[in-house]
Amino acid sequence: MRGGCCNRPVTRTRTASDTSSAERPVTAGVIVALGTVYLVWGSTYLAIKYIVGSLPPFLSMGARFLLAGAVLTAMIVVSRGRPAFRMTRRELVTAALCGLFLLVGGNGLVAVAEQDVDSSMAALLIAGTPLWVVLLRAVLRDRPSAATVAGLLVGLVGVAILLHPGVQGAAELGPLLLVCLSSFLWSCGTVLATRRPLPADPFVTTVVEMAAGGTAMVVLGSFGGEWGRLHLGGTESSAWIAFVYLVLVGSVLGYSAYVWLLARARLSLATTYAYVNPAVAVVLGALFLSEPLTVNVLAGGAVIIAAVAFVITAESRGRRSPLPTTRQGAMPVEPT
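Sequential numbering of the sequence shown, starting at 1, is according to this note's numbering.
Derived CB-CB ranges, DEER-like:
id, residue 1, residue 2, range
1, 269, 149, 24 to 32 Å
2, 74, 173, 37 to 45 Å
3, 232, 268, 39 to 47 Å
Keep in mind that the hints were calculated from the coordinates and are not lab data.
The C-beta atom is built at its ideal place from N, Cα and C for all residues, glycine as well.
With the sequences and hints as input, model every part of the structure.
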């Protein structure tokens, strides 16, 4: 369930996610957890679409993460006690900054864009997030392999196909570019988390990120006049159901399943959600919202997903993956 600002090399400690495939059999529990991550995180774009149809984007997403963070905090206190929240000031600051990039820049801007963009289109554009991570690492002098560069270029072609005039129908280019900006900011947060100290417990890291990101979104919504557009009595029941779903299922259950999966499955298997979730989002958008599946949408989406799969495979055979490990807070590599 991050954006770099320095060029110093990172000393990476071997983690449980690095163990060999022979030590990590695919059990029934792994299959269930993987399926949960696929379905839950693939459905969050649909839920966001329902929410922003009745509720202001920043206020609703801010409340989502503040409530989810409160639930995770209670879980941590009950299971490990308050000492689990001990951290240095640097770790606290890094986690808070990551929360701003990941949640405000990532999820918040996606919610704003989904007022005008189909959920399936948003998911497909967001699918290219690992490509941005690789590009940022290259800027920070962490040179990718030739195969990775090839995958990156192919992925950019897919993005260009999706942004081609007429592909999204009535939607203007502005909201589509906002989704791309969201993907880029999430990538910045991803790279940042690999280059700065974070709390040792990934759940604690996530609580800090949710608190910082959620608070910032409520502030942004307040300054943006969203309280004046908040009419709880006139909110559709589908929006409330989607909101509760995002808090308890999308944030708490989905993230818990992902952390559990990272500890028990190969990283290469656990992170396949990066190119499965967009496909799930496209299917759900078509089924529940009758979102159009044009040739360009399908072609552009297929190119992006294939490029991401290629880059992840190429990077996993090289120096390091563009995807997070438990050491890096275990936040997903794309907005959820």
